[in-house]
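Protein chains: 2
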Amino acid sequence: MSQRFELTILGSGSASPTSKRNPSSQVLNIGDKLYLIDCGEGTQVALRKNKIKFQRIEHIFISHLHGDHYLGMQGLLSTFSLLGRSKDLHIYSPKGLKEICELQFKISRSYPTFFIHYHEVKTSEKSSILETDQLNVYAFPLKHRIETYGYLFKEKKKPLHINGPVAKAYNIPHYAFEKLKQGEDFIDPETNEQIANKELTLAAGKSYSYAYCSDTAYLPELSEIVKNVDLLYHETTFMEKDVKLAKKTHHSTCKEAAMIAKGANAGKLLMGHYSARYPDLDLMKEECRSIFPESYLSHDGDIIKV
Amino acid sequence: MSQRFELTILGSGSASPTSKRNPSSQVLNIGDKLYLIDCGEGTQVALRKNKIKFQRIEHIFISHLHGDHYLGMQGLLSTFSLLGRSKDLHIYSPKGLKEICELQFKISRSYPTFFIHYHEVKTSEKSSILETDQLNVYAFPLKHRIETYGYLFKEKKKPLHINGPVAKAYNIPHYAFEKLKQGEDFIDPETNEQIANKELTLAAGKSYSYAYCSDTAYLPELSEIVKNVDLLYHETTFMEKDVKLAKKTHHSTCKEAAMIAKGANAGKLLMGHYSARYPDLDLMKEECRSIFPESYLSHDGDIIKV
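Chains as they are written, first to last, in numbering that gives the first Met the number 0: chain A, 0 to 305; chain B, 0 to 305.
Please note that a few of the clues may not be correct.
Copies of the same chain look alike in the list, so a pair counts if it fits in one copy or across any two.
[What the hints assert, rightly or not] Subject to a maximum C-alpha distance of 25 Å in a straight line, what follows is the list of computed DSS-like cross-link-like pairs (lysine-lysine):
1) Lys180 - Lys157
2) Lys156 - Lys246
3) Lys32 - Lys243
4) Lys50 - Lys19
5) Lys197 - Lys94
6) Lys167 - Lys153
7) Lys178 - Lys226
8) Lys48 - Lys19
9) Lys105 - Lys247
10) Lys155 - Lys48
11) Lys121 - Lys243
12) Lys178 - Lys48
13) Lys197 - Lys180
14) Lys97 - Lys246
15) Lys247 - Lys32
16) Lys105 - Lys142
17) Lys105 - Lys197
18) Lys32 - Lys142
19) Lys304 - Lys261
20) Lys240 - Lys155
It is worth saying that the hints were derived from the structure and are not from the lab.
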């Protein structure tokens, strides 16, 4: 069975929270490891509502330091401490977040019970910022009013599956399985007989990828950066009829997001960060689908299984 | 008819928000002027849910700079700007809030569209911090782990009511009403005839008062400070069986809050800031009522008319 690769939308709105939409926040669950992406006001309550075991979060990625993308951080850190967290936390963000957090710890005289590694993201091109056993995470610059980064999460190549019945028939010892999963042939240490890997294994599970692009003006080169991504979140703050407003505020229209998705040959486009001016989001979805049919609205509480 | 004097509970919880309870925040409506008291994370959404016209808020009072009492501020200020606010805002708080807000404006390069007057509260005794046509506001020190203040809102003496039929019978000119309302007798400018004020007026409406005490260890002198207050909010974080924990964390028990209310001869005691350890708040209410029968639980969304 393939490991879990799913995204929960904690906040799909823009700018100001409403009773229906929190500002930006998502949690990516890859094989039960949790990656929090942006953390607008109300994120900790959204984590509770969605019954996410949030002490499992070890990595937080902040796209930029506009309030609707980070103001839930200080409260979340405080709750981690109240719950007695001792595990280290890694926070990836443009410069400034450490200063904001540390000032508030100092003034409230409430210091975290755990160690925070602040990783300052600063790059002019797609760069690896984290590598674990299971995945690579890349940051890449977006184009917004302040320094802003997108994040690409790419699962590593997964190990092959052992073909149980065949391995048993050949009487392959268990200690040899790890190397077989990595693609090596089997060589019997006593007889020196060689059995080809492809006889003993089945295809590995697919490795999935997810890219998060918020907030950004239309940036055609994004298609290359997130090429062939399985799931692409790209902000759709405006509709094309308001493209002037999009340009002015350094946001994207539905059409523009769909063009990025199409150019990237993405599996699916996930929309979000809607301006409050649009009462009917289905019109936004139609605008995207006219260019990229696999476009979907995101709503708070949605779970997208990749 | 008496003018409105009502309190809306935006957050009745402590420390960490849950899906049922926001951290501390309240809005006091006196004659349609709104005074926001504490501003935990999620306050702006709670204001929306309670359909409060929050651009009317001109004064915000922060008790202390623990996150559960102020972390909603930055988002609220941002929303004020997004909605195009131009009216000045006055914020009363212990030292530190200005630094926190200004740092975040700077880093997010998002400055408010209106002027903020930061009033640093610093006093060792009950002191007037604001006087308007309708009320006086006093700050007084509480006893907590960091510098913390309580706030007392006292309506000024209200004008007398004109006794319409009698005034008409005497043919009193309208221009004289204002002075009559202030208690002066009427002197006819032509005849010099004097009519006693009490003939022409009815008793003034009662002037109400509200005191907010959160967070604090048991502080007996509070009874004197809020003497005869109509409505007293006093935190009840713990039950008396956990008094050691209350002492350790500089919070109060239900019994202690009730003793303050009793000593103050308060009209009503409003409880809140409950520790998450108590599943049955009715037991907390009973503990208060055993000492001070007019004790009431507060819940998010409650409106208390004084």
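Hint-by-hint comparison with the structure:
no.: 1; hint: Lys180 - Lys157; verdict: within (9 Å within a copy, 84 Å between copies)
no.: 2; hint: Lys156 - Lys246; verdict: neither (39 Å within a copy, 55 Å between copies)
no.: 3; hint: Lys32 - Lys243; verdict: neither (40 Å within a copy, 39 Å between copies)
no.: 4; hint: Lys50 - Lys19; verdict: both (18 Å within a copy, 14 Å between copies)
no.: 5; hint: Lys197 - Lys94; verdict: neither (49 Å within a copy, 69 Å between copies)
no.: 6; hint: Lys167 - Lys153; verdict: neither (34 Å within a copy, 84 Å between copies)
no.: 7; hint: Lys178 - Lys226; verdict: neither (31 Å within a copy, 79 Å between copies)
no.: 8; hint: Lys48 - Lys19; verdict: both (13 Å within a copy, 10 Å between copies)
no.: 9; hint: Lys105 - Lys247; verdict: between (37 Å within a copy, 20 Å between copies)
no.: 10; hint: Lys155 - Lys48; verdict: neither (31 Å within a copy, 44 Å between copies)
no.: 11; hint: Lys121 - Lys243; verdict: neither (29 Å within a copy, 49 Å between copies)
no.: 12; hint: Lys178 - Lys48; verdict: neither (42 Å within a copy, 58 Å between copies)
no.: 13; hint: Lys197 - Lys180; verdict: within (10 Å within a copy, 99 Å between copies)
no.: 14; hint: Lys97 - Lys246; verdict: neither (30 Å within a copy, 33 Å between copies)
no.: 15; hint: Lys247 - Lys32; verdict: neither (38 Å within a copy, 36 Å between copies)
no.: 16; hint: Lys105 - Lys142; verdict: between (33 Å within a copy, 19 Å between copies)
no.: 17; hint: Lys105 - Lys197; verdict: neither (59 Å within a copy, 59 Å between copies)
no.: 18; hint: Lys32 - Lys142; verdict: neither (29 Å within a copy, 42 Å between copies)
no.: 19; hint: Lys304 - Lys261; verdict: within (20 Å within a copy, 58 Å between copies)
no.: 20; hint: Lys240 - Lys155; verdict: neither (40 Å within a copy, 54 Å between copies)
Checked against the numbered hints above, the structure breaks hints 2, 3, 5, 6, 7, 10, 11, 12, 14, 15, 17, 18, 20 and satisfies the rest.
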